[in-house]
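**Student:** Please take these sequences and the hints and turn them into a complete structure.
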Amino acid sequence: MPTYKLTCFNVRGRAELIRLLFAAGEIPYEDVRIEWDKWPELKPISDTPMGQIPTLEVDGQVICQSMAIARFVAGKAGLLGKTNMDQARADMLLDGGMDVGKLFTEMVMEKDASKKAEKKKEFGEKHLPPFLALYEGFAGDNGHFVGDSLTWSDIGFFNMMDFITAEYPGALDGYCKLNKVIDNVKSNPGVAKWLKERPVTNH
Amino acid sequence: MAPKYKLTYFNARGRAELTRLMFVAAGVEYEDVRLEREEWRPLKETSPMGQLPMLEVDGQVMCQSGAIFRYAAKETGLSGSAGWEEAQVDMFVCGIEDLQTKLWEVRFERDEAKKEEKKTGLATFVPNWLANYEKLCGPDGHLVGAKLTYADLAFFNGMHDILKERADTLEKFPKLAKVVESVNENKAVAAYIAERPETFI
Numbered sequence: 001m002p003t004y005k006l007t008c009f010n011v012r013g014r015a016e017l018i019r020l021l022f023a024a025g026e027i028p029y030e031d032v033r034i035e036w037d038k039w040p041e042l043k044p045i046s047d048t049p050m051g052q053i054p055t056l057e058v059d060g061q062v063i064c065q066s067m068a069i070a071r072f073v074a075g076k077a078g079l080l081g082k083t084n085m086d087q088a089r090a091d092m093l094l095d096g097g098m099d100v101g102k103l104f105t106e107m108v109m110e111k112d113a114s115k116k117a118e119k120k121k122e123f124g125e126k127h128l129p130p131f132l133a134l135y136e137g138f139a140g141d142n143g144h145f146v147g148d149s150l151t152w153s154d155i156g157f158f159n160m161m162d163f164i165t166a167e168y169p170g171a172l173d174g175y176c177k178l179n180k181v182i183d184n185v186k187s188n189p190g191v192a193k194w195l196k197e198r199p200v201t202n203h
Numbered sequence: 001m002a003p004k005y006k007l008t009y010f011n012a013r014g015r016a017e018l019t020r021l022m023f024v025a026a027g028v029e030y031e032d033v034r035l036e037r038e039e040w041r042p043l044k045e046t047s048p049m050g051q052l053p054m055l056e057v058d059g060q061v062m063c064q065s066g067a068i069f070r071y072a073a074k075e076t077g078l079s080g081s082a083g084w085e086e087a088q089v090d091m092f093v094c095g096i097e098d099l100q101t102k103l104w105e106v107r108f109e110r111d112e113a114k115k116e117e118k119k120t121g122l123a124t125f126v127p128n129w130l131a132n133y134e135k136l137c138g139p140d141g142h143l144v145g146a147k148l149t150y151a152d153l154a155f156f157n158g159m160h161d162i163l164k165e166r167a168d169t170l171e172k173f174p175k176l177a178k179v180v181e182s183v184n185e186n187k188a189v190a191a192y193i194a195e196r197p198e199t200f201i
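Each protein sequence line maps, in turn, to chains A and B.
Per the working numbering: the first sequence = residues 1 to 203.
Per the working numbering: the second sequence = residues 1 to 201.
If you are wondering where the hints come from, they were derived from the structure by calculation, not from laboratory data.
Possibly wrong hints are sitting among the right ones.
Below, a list of computed lysine-lysine pairs in the DSSO-like style, where the Cα atoms sit at most 27 Å apart [unchecked claim]:
id : chain 1 : residue 1 : chain 2 : residue 2
1  : B       : K187      : A       : K43
2  : A       : K43       : B       : K175
3  : A       : K111      : B       : K115
4  : B       : K102      : A       : K120
5  : A       : K102      : B       : K102
6  : A       : K102      : B       : K119
7  : B       : K115      : A       : K102
8  : A       : K43       : B       : K172
9  : A       : K120      : B       : K114
10 : A       : K116      : B       : K118
11 : A       : K111      : B       : K118
12 : A       : K111      : B       : K119
13 : A       : K126      : B       : K44
14 : B       : K74       : A       : K76
15 : B       : K102      : A       : K111
16 : A       : K111      : B       : K172
17 : B       : K135      : A       : K38
18 : B       : K135      : A       : K116
19 : A       : K119      : B       : K102
20 : A       : K119      : B       : K115
21 : A       : K102      : B       : K114
22 : B       : K102      : A       : K43
23 : B       : K135      : A       : K115
24 : A       : K76       : B       : K147
25 : A       : K120      : A       : K177
26 : A       : K119      : B       : K118
27 : B       : K115      : A       : K115
28 : B       : K114      : A       : K119
29 : A       : K5        : B       : K135
Quick list of simulated restraints, FRET-style, between CB atoms [stated by the list, open to error]:
id : chain 1 : residue 1 : chain 2 : residue 2 : range
30 : A       : G78       : B       : I201      : 34 to 40 Å
31 : A       : I45       : B       : R107      : 45 to 51 Å
32 : B       : I201      : A       : K121      : 31 to 37 Å
33 : A       : R33       : B       : F200      : 41 to 47 Å
34 : B       : K164      : A       : P199      : 44 to 50 Å
35 : A       : K43       : B       : D32       : 41 to 47 Å
36 : A       : P189      : B       : D32       : 42 to 48 Å
37 : B       : R107      : A       : V32       : 34 to 40 Å
As the structure is a computational prediction, the values presented were derived from the model and not from experiment.
The beta-carbon is built from N, C-alpha and C at its ideal position, and this holds for glycine as well.
**Tutor:** What follows is the structure, encoded as structure tokens:
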């Protein structure tokens, strides 16, 4: 049984999808969290291929790049999709979600209060509704984006909406199939356990 | 019966070139559709996410360049051995995408002052990035493992514009130079490069 060690900041951020995938796959791993202010002194002595975290160490070997790590863990958890085409579809939906997620993150990280308010309005009115309408179309009646079982694209969508609904609480109202996706993810036993136990962080 | 692949993009390297290079390197037949902007407009509404590139496989259509090239990598056998090697290849390509994004940010910046600022940033970023990749690169002319993967093609592709500007960029990075050499040694890729349209991006 390989040993997995995930190292990231003490936030959900770019690591949470990975943690959710470990949880859904019921794969034990070490969840190492580094505080922001400790990183400058730790960085030069940390085993990071590209000077960044998150990193994943598996039996002594290390990779970085959060999405490469996520794809690897999704593979181990059997959540990539069954065929090459299914995997491509899941991958496509995740990447599409990340395009929107990027805009959301820019809004959240905006330091100027009035610019942030403007970005928040713009995201909520211009970017979020068409994205949700599009993805409601992609989702199956069974509450899965790909095929008839959970894949990492369901989990990725859940994770992203977890962040987004914190700022836009009613965003998913009326989207039957998307709500089913969310329910399917939340009721996965490993995910349910993780959601109850995970540290509460601002980001 | 081999699947029918149809790749649709603008007449540019941009976000489609890595996929084209994979099909070419692996000798897999595909239709390389290049659209002018006016041809794209009517198609945009019926596309999955209103964006290019798109890949059609036996009638099914997908988009998102990363999903497309990762799919193509599996179909062409260029993704590396399943499991850890595949993850390492993935990691390298993600890092090359980071570089590509920075390069494009500069190329597309219209404000002259911001462009100069970004160019200055690149002048530090690129050598550090290359030095890091040189450290991580395998010794045999491949970023990972002992044979061609799409990481080598992505690196070759990512370096194209940089090398065009400064042919000696990889002088201090012999392992990376070897990667570019191995890609050039693929006869199909060399023939494709010689014939492909010259484009801004």
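**Student:** Work down the list of hints and note, for each, if the structure agrees.
**Tutor:** Status of each hint after checking the structure:
For the proposed pair K187 (chain B) and K43 (chain A), the alpha carbon gap of about 43 Å is over 27 Å, so the pair is violated. Restraint check for K43 (chain A) and K175 (chain B): satisfied, since their Cα atoms lie roughly 26 Å apart, inside the 27 Å limit. For the hint pairing K111 (chain A) with K115 (chain B), the CA-to-CA distance comes to about 23 Å; that is within 27 Å, so the pair holds. With a C-alpha separation of about 26 Å, the suggested pairing of K102 (chain B) with K120 (chain A) holds against the 27 Å cut-off.
Between K102 (chain A) and K102 (chain B), the direct Cα distance comes to roughly 16 Å. Compliance with the 27 Å bound is thereby established for this hinted pair. Taking the CA atoms of K102 (chain A) and K119 (chain B), the gap is about 23 Å. The hint holds against a cut of 27 Å. Of the supplied pair hints, the one linking K115 (chain B) and K102 (chain A) holds, its CA atoms being roughly 22 Å apart against a limit of 27 Å. Annotation: proposed proximity of K43 (chain A) to K172 (chain B) holds, straight-line Cα distance about 25 Å (limit 27 Å).
For a cut-off of 27 Å, the pair hint linking K120 (chain A) to K114 (chain B) stands: about 25 Å separates their Cα positions. Annotation: proposed proximity of K116 (chain A) to K118 (chain B) holds, straight-line Cα distance about 24 Å (limit 27 Å). Simply put, K111 (chain A) and K118 (chain B) have alpha-carbon atoms about 21 Å apart, close enough for the 27 Å limit, and the pair holds. Between K111 (chain A) and K119 (chain B), the direct Cα distance comes to roughly 25 Å. Compliance with the 27 Å bound is thereby established for this hinted pair.
Pair hint K126 (chain A) plus K44 (chain B) holds up; C-alpha atoms about 18 Å apart against a cutoff of 27 Å. Between K74 (chain B) and K76 (chain A) the CA atoms are separated by roughly 17 Å; this keeps the pair inside 27 Å, and the hint holds. Under the criterion of a C-alpha separation no larger than 27 Å, the hint pairing K102 (chain B) with K111 (chain A) is consistent with the structure, at around 23 Å. At roughly 41 Å between alpha-carbon atoms, K111 (chain A) and K172 (chain B) are farther apart than 27 Å, so this suggested pair is violated.
Taking the CA atoms of K135 (chain B) and K38 (chain A), the gap is about 26 Å. The hint holds against a cut of 27 Å. Using a Cα cut-off of 27 Å, the hinted pair K135 (chain B) and K116 (chain A) is violated, with the two alpha carbons roughly 41 Å apart. For the given pair, K119 (chain A) sits about 23 Å from K102 (chain B) by alpha-carbon distance, which is consistent with the 27 Å threshold. For the proposed pair K119 (chain A) and K115 (chain B), the alpha carbon gap of about 24 Å is at most 27 Å, so the pair holds.
Proximity of K102 (chain A) to K114 (chain B) is assessed by CA-CA distance (about 22 Å); at most 27 Å being required, the pair is judged to hold. The suggested pairing of K102 (chain B) with K43 (chain A) holds, with an alpha-carbon distance near 23 Å, which does not exceed 27 Å. Taking the CA atoms of K135 (chain B) and K115 (chain A), the gap is about 42 Å. The hint is violated against a cut of 27 Å. Annotation: proposed proximity of K76 (chain A) to K147 (chain B) holds, straight-line Cα distance about 24 Å (limit 27 Å).
In summary, the hint linking K120 (chain A) to K177 (chain A) is supported, as the alpha carbons are separated by about 25 Å, within the 27 Å threshold. Between K119 (chain A) and K118 (chain B) the alpha-carbon distance is near 24 Å, which keeps this suggested pair within the 27 Å criterion. Taking the CA atoms of K115 (chain B) and K115 (chain A), the gap is near 23 Å; set against the 27 Å cutoff, the hint holds. Note on K114 (chain B) and K119 (chain A): the hinted pairing holds, with a Cα-Cα distance of about 22 Å set against a maximum of 27 Å.
Simply put, K5 (chain A) and K135 (chain B) have alpha-carbon atoms about 23 Å apart, close enough for the 27 Å limit, and the pair holds. The hinted window of 34 to 40 Å between G78 (chain A) and I201 (chain B) holds, with their beta carbons roughly 39 Å apart. For I45 (chain A) paired with R107 (chain B), a C-beta distance near 37 Å fails the hint of 45 to 51 Å. In this structure the supplied range 31 to 37 Å holds for I201 (chain B) paired with K121 (chain A), their Cβ-Cβ distance being about 33 Å.
Distance hint for R33 (chain A) and F200 (chain B): a CB-CB separation of about 44 Å, consistent with the stated range 41 to 47 Å. Separation of K164 (chain B) from P199 (chain A) is about 48 Å and conforms to the stated range, judged on CB atoms against 44 to 50 Å. The supplied range of 41 to 47 Å is met by K43 (chain A) and D32 (chain B), whose beta-carbon atoms lie about 43 Å from each other. Between P189 (chain A) and D32 (chain B) the C-beta distance comes to about 46 Å, which sits within the given range of 42 to 48 Å.
At about 38 Å, the beta-carbon gap between R107 (chain B) and V32 (chain A) stays in the expected band of 34 to 40 Å.
Checked against the numbered hints above, the structure breaks hints 1, 16, 18, 23 and 31 and satisfies the rest.
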